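S.K.: One letter stands for each residue in the lines below.
Protein chains: 2
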Amino acid sequence: MVDHRLRSAWTPDSAETAALPTKAVRWLTRRIGRLSPGAPPAPDSAFVVPPSRIPEKARAELVEVVGTDHVLEEAGERLGRTGGMSYLDLLRRRYPGGLLIPDTVVLPADPEQVQRVLDVCVAHDIGVVPFGGGTSVVGGVTALRGDKQAVVVLDLERLNRLVSVDPTSRLAVFQAGVRAPDAQRLLAVHGFTLGHVPQSYERATLGGFAATRSAGQASSGYGRFEDMVQGVRLATPSGEWRLGVAPASAAGPNLRALAVGSEGTLGVITEVTVRIRPLPERERYEGFVLDGWERATDAVRVLAQNGLLADITRVSDEDETEVSFALKGGLATTAVRRYLAARGITRPCLLILGWHDRAPQRKRALRILRAAGAVSLGRAPGEAWRHGRFAGPRQRDALLDLGVCVETLETATHWSGLGELYEKVRSALHAALDRPLVMCHVSHAYETGASLYFTVLAARDPHDPFGQWERAKQAASEAISENTRGTITHHHAVGLDHAPYLRAEIGDVGMAVLAAAKHATDPTGVLNPGKLGL
Amino acid sequence: MVDHRLRSAWTPDSAETAALPTKAVRWLTRRIGRLSPGAPPAPDSAFVVPPSRIPEKARAELVEVVGTDHVLEEAGERLGRTGGMSYLDLLRRRYPGGLLIPDTVVLPADPEQVQRVLDVCVAHDIGVVPFGGGTSVVGGVTALRGDKQAVVVLDLERLNRLVSVDPTSRLAVFQAGVRAPDAQRLLAVHGFTLGHVPQSYERATLGGFAATRSAGQASSGYGRFEDMVQGVRLATPSGEWRLGVAPASAAGPNLRALAVGSEGTLGVITEVTVRIRPLPERERYEGFVLDGWERATDAVRVLAQNGLLADITRVSDEDETEVSFALKGGLATTAVRRYLAARGITRPCLLILGWHDRAPQRKRALRILRAAGAVSLGRAPGEAWRHGRFAGPRQRDALLDLGVCVETLETATHWSGLGELYEKVRSALHAALDRPLVMCHVSHAYETGASLYFTVLAARDPHDPFGQWERAKQAASEAISENTRGTITHHHAVGLDHAPYLRAEIGDVGMAVLAAAKHATDPTGVLNPGKLGL
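As you go down the protein sequences, you meet chains A and B in turn. The numbers in the numbering used here rise by one with no breaks, and the one at position 519 of the first sequence is 519. The numbers in the numbering used here rise by one with no breaks, and the one at position 14 of the second sequence is 1014.
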């Protein structure tokens, strides 16, 4: 059973805490201004948890399906599955009042029970929020009621099995509730890896990855999660739905691509069939510095267009590089700057490459980097990044304690528009916040374009902590959405937060098609009300 | 304007004819039995072309949109866009009677006119069959009326422009009616290639490739057409629909993947944005022989799973290899067989590799092939294949003249099921036909599986030429469909011929979702009636 207290912050019990060194805090204060700490996570008792609105008959039927131990209505259990992990979600746990608490938590044991739980919810017109790791940063698991009398969280944590492995075809079938580290562990026994390592790795589930079109840090080598998914099994109010019988097909539109990314609105993903790969024999992480954002992103473009991206390829802009240097210490010394300047680098942009085997490609990639004027920093920055690769969300808790407004947002566009989109989003954030620190990196590159991932830090406005970020997010989203070549989200998904911008991206016809597909699989609209604007 | 007479056979005027050498015919007769030639393509005058059923008012409105020269009702023009290029389509031109002839041909000039033509057809409840190269081999352009009073063919040949090229992002925007050779020519001016070379290359259009999820001979290097498509523009009865603002996105389900493969049932694709690549500097085609189908396909699997597929990778089974040798002559000599036998190869399976640059990968691939016992035949078989790569459909015309029943069909599955699916389909075809020659190759390989492409030759039954093939096709389709891991089509699409098998593959829920999407974009069902079972 999940410890609901974990939900008041990202940090799992098992993970090391990420307290910030005094030096870093001092540096940050200089950069973004005086901080007003306070508002620690509130205890459960600070929240008003209303009685569950699930009708008694529905509760009895749910108990009949999953057993009495797996229908939970205690305040702690419900608070433990309330909302996701966005900055605003975390704020709501520090400023009690705005939480949408589900009425009941239901924990089915297998795909068949998921189907039967849906049938009960349809019969009683109860909303259903599918719940995996609960790591959504876009309101994807917010327990909106919509027009329903009550809403249950359908927690998939008991669907935690590796169903089968086909080493010849390099395929594995997992139940949807398997968490990423467990998937890795289960596959490693067979000598395989999934290669999917998003920053939410420590908590997130395979079903969640599929539902949200996740992209991991190693997407340059292993692809996006949607590229790995070869099959899905869903429970829907219209019955079970299985897709994916072959590696490729022309049997009409690719409906698997419709189920993937549906964010729980079309069905509950209960199983995923994923492509797996042998565990790498050797991993090598290393750092380079290039001169200026344009040259740095251009080098990544050339790597991408020559098929020479490292499995992990991530390049930071000047501000993010400065922070890397400042927080890590050591490297930021005047000596290093002088060393780089002597090599023509006055606007350092840090490039991290992580190679899983693939030595021949590395050799050719290094030639391209040298031609672009890159200076190698050796393995240290690569290993440092690797060590801290999942620390971001945990550091956020520490920053929140300090009184920092901290959030990330992301987009993607084609190469020729990347510079303009970068400037537009940065400008919007700088205009919307007071003395913010806006950092950016490209961590997902393709032949035709790349993602932009922004991290924003500012001194939290203690008088309007929610409005402060809402306005900044809106400004950034409008900058993306008005740029007709940028997507509102490259891998965070739509949830509630991006729903207002979806129509601009997929058009009136696209919205009508989504609504129609929803009506076909979920005629009464019980599934994840409000998400994707549905 | 298209010369409708071309439609009585595949062979374009410009192409060399593909008469079969006497030696080959003699060999074939020995293999499949006595042939009863006859039934040459009938002249247009042999067909009863009923008067157009388009109401006068609708005709006038269509003329207003596209001009009087672009609304064609002459018998020849209508016959010229009647049906596609399947064996049964070709038979219908030799045994007049079964053609579904469209009422009118409309040729809009641009995407705006396509939209307005749709609006007229919706207003008058007239069916619309989008028409590119007309190369469908699954009944995808058959002019079914459905419940409509009349049906027009919407020929996209005037949408023949390269709209823009973005060399930095490696993107090109094409109008949908651009034929593949023209696309290549237009891109070559900019130093780029599309790399999409299906066997229908000489005729087919980019819009058609997108509508049918085409896969070209170089799919191992350049990907399937759906992988190349970064954006689409469609005209639909519900309004224009544009998709694709970024190289990747998590903005809900990938609706681009719903538009691609919709076979004209959800909208008329008017523009496609495709990823392009620099023209290769060097091309190298070569042949190898491996011992037996299992070892041969396994070698391709190992290449695929190590990222070492040649851009063109194609391996033939023993029967197809025998035919290659027999028809090409020379190689089939006893001396060659003795040469191969001395190297342990008694069941030769021909492997063709075509490399576009990528010398380092070739070197590593050759090591794998040597380990698998492959014997190199040098460049001659590779060049021979390359020379004849588009000849298949033309040879079919010559075979039809000789009285041969000749058709192809294809499927795909995961590696671990490939051998079983191969045997099942082969057995079904051998059981359904008298003394057939059933050949097979793998020409599209993936990490997790591969396609199987069957070519079937048999002596045509002059008394029941249609039923003979219909029964064989049904037997093969059932063998695929009952194997729960095979797709009914890897790249030929669904059209009419595969529609009965679609439900088994995508489920009741999938069919309901397709119908719902259709209702959203095309509420009155004017678009390509009957295709995809819609």
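Hints in this document: simulated from the structure, not taken from any laboratory. Careful: at least some of the hints might be erroneous.
Stated by the list, open to error - The following label-pair restraints were derived from C-beta to C-beta distances:
#1 A:161 <-> B:1295: 34 to 44 Å
#2 B:1343 <-> A:283: 52 to 62 Å
#3 B:1295 <-> A:378: 37 to 47 Å
#4 B:1504 <-> A:191: 27 to 37 Å
#5 B:1295 <-> A:420: 50 to 60 Å
#6 B:1306 <-> A:378: 45 to 55 Å
#7 A:282 <-> B:1282: 48 to 58 Å
#8 A:282 <-> B:1419: 28 to 38 Å
#9 A:336 <-> B:1306: 54 to 64 Å
Stated by the list, open to error - Not close to chain A: a few residues of chain B, all C-beta gaps over 12 Å, as computed:
#10 1020
#11 1160
#12 1246
#13 1276
#14 1304
#15 1506
#16 1508
#17 1514
#18 1534
Said to hold, decoys possible - Reference listing, derived: stretches of chain B covered by chain A, where coverage requires no fewer than 3 residues with Cβ under 8 Å from a Cβ of chain A:
#19 1041–1055
#20 1175–1184
#21 1206–1219
#22 1314–1320
#23 1474–1480
#24 1485–1496
These numbers were taken from a predicted model, which means no experiment stands behind them. We treat Cβ as the ideally placed atom computed from N, Cα and C, and that holds for glycine.
S.K.: Give a verdict on every hint.
M.R.: How the hints compare with the structure:
The given range of 34 to 44 Å is respected by residue 161 of chain A and residue 1295 of chain B, whose C-beta atoms sit roughly 35 Å from each other. Taking the beta carbon of each, residue 1343 of chain B and residue 283 of chain A are about 40 Å apart, not inside 52 to 62 Å as hinted. Taking 37 to 47 Å as the suggested C-beta distance range, the pair residue 1295 of chain B and residue 378 of chain A conforms, at roughly 45 Å. At about 34 Å, the beta-carbon gap between residue 1504 of chain B and residue 191 of chain A stays in the expected band of 27 to 37 Å.
The hinted window of 50 to 60 Å between residue 1295 of chain B and residue 420 of chain A holds, with their beta carbons roughly 53 Å apart. Against the hinted window of 45 to 55 Å, the Cβ-Cβ separation of residue 1306 of chain B and residue 378 of chain A comes to about 29 Å, which falls outside the hint. In this structure, residue 282 of chain A and residue 1282 of chain B break the distance hint of 48 to 58 Å, their C-beta atoms being roughly 31 Å apart. Separation of residue 282 of chain A from residue 1419 of chain B is about 34 Å and conforms to the stated range, judged on CB atoms against 28 to 38 Å.
The hint said 54 to 64 Å for the Cβ distance between residue 336 of chain A and residue 1306 of chain B, and at roughly 40 Å that hint is violated. In this structure residue 1020 of chain B is separated from chain A by more than 12 Å, as the shortest Cβ-Cβ distance comes to about 30 Å. No Cβ of chain A comes within 12 Å of the Cβ of residue 1160 of chain B; the nearest lies about 24 Å off, and the non-interface call holds. Separation of residue 1246 of chain B from chain A is inadequate, the least Cβ-Cβ distance of about 4 Å not exceeding the 12 Å criterion.
Distance check on residue 1276 of chain B: its Cβ comes as close as 9 Å (rounded) to a Cβ of chain A, failing to clear the 12 Å threshold; non-interface status is violated. The Cβ of residue 1304 of chain B does not lie farther than 12 Å from every Cβ of chain A; its closest approach is about 9 Å, which violates its non-interface assignment. Not every C-beta of chain A lies more than 12 Å from that of residue 1506 of chain B, the closest at about 6 Å, which undercuts listing it as non-interface. Distance check on residue 1508 of chain B: its Cβ comes as close as 6 Å (rounded) to a Cβ of chain A, failing to clear the 12 Å threshold; non-interface status is violated.
Residue placement check: residue 1514 of chain B does not keep its beta carbon more than 12 Å from all beta carbons of chain A (closest about 7 Å). Separation of residue 1534 of chain B from chain A is inadequate, the least Cβ-Cβ distance of about 9 Å not exceeding the 12 Å criterion. Interface restraint, the segment 1041–1055 of chain B with chain A: violated (0 residues with C-beta to C-beta distance below 8 Å; minimum three). Residues of the segment 1175–1184 of chain B lying with their CB closer than 8 Å to a CB of chain A number 0, which falls below the three-residue condition for coverage.
Counting residues of the segment 1206–1219 of chain B whose beta carbon lies closer than 8 Å to any beta carbon of chain A gives 4, which meets the minimum of three for the stated coverage. Note: the segment 1314–1320 of chain B has 0 residues with beta-carbon separation from chain A under 8 Å; the three-residue rule is not met and the coverage is violated. As drawn, the segment 1474–1480 of chain B meets chain A at 0 residues by the rule of a beta-carbon pair under 8 Å; below three, the given contact is violated. Only residues whose beta carbon comes within less than 8 Å of a beta carbon in chain A count, and the segment 1485–1496 of chain B has 10; three or more means the coverage holds.
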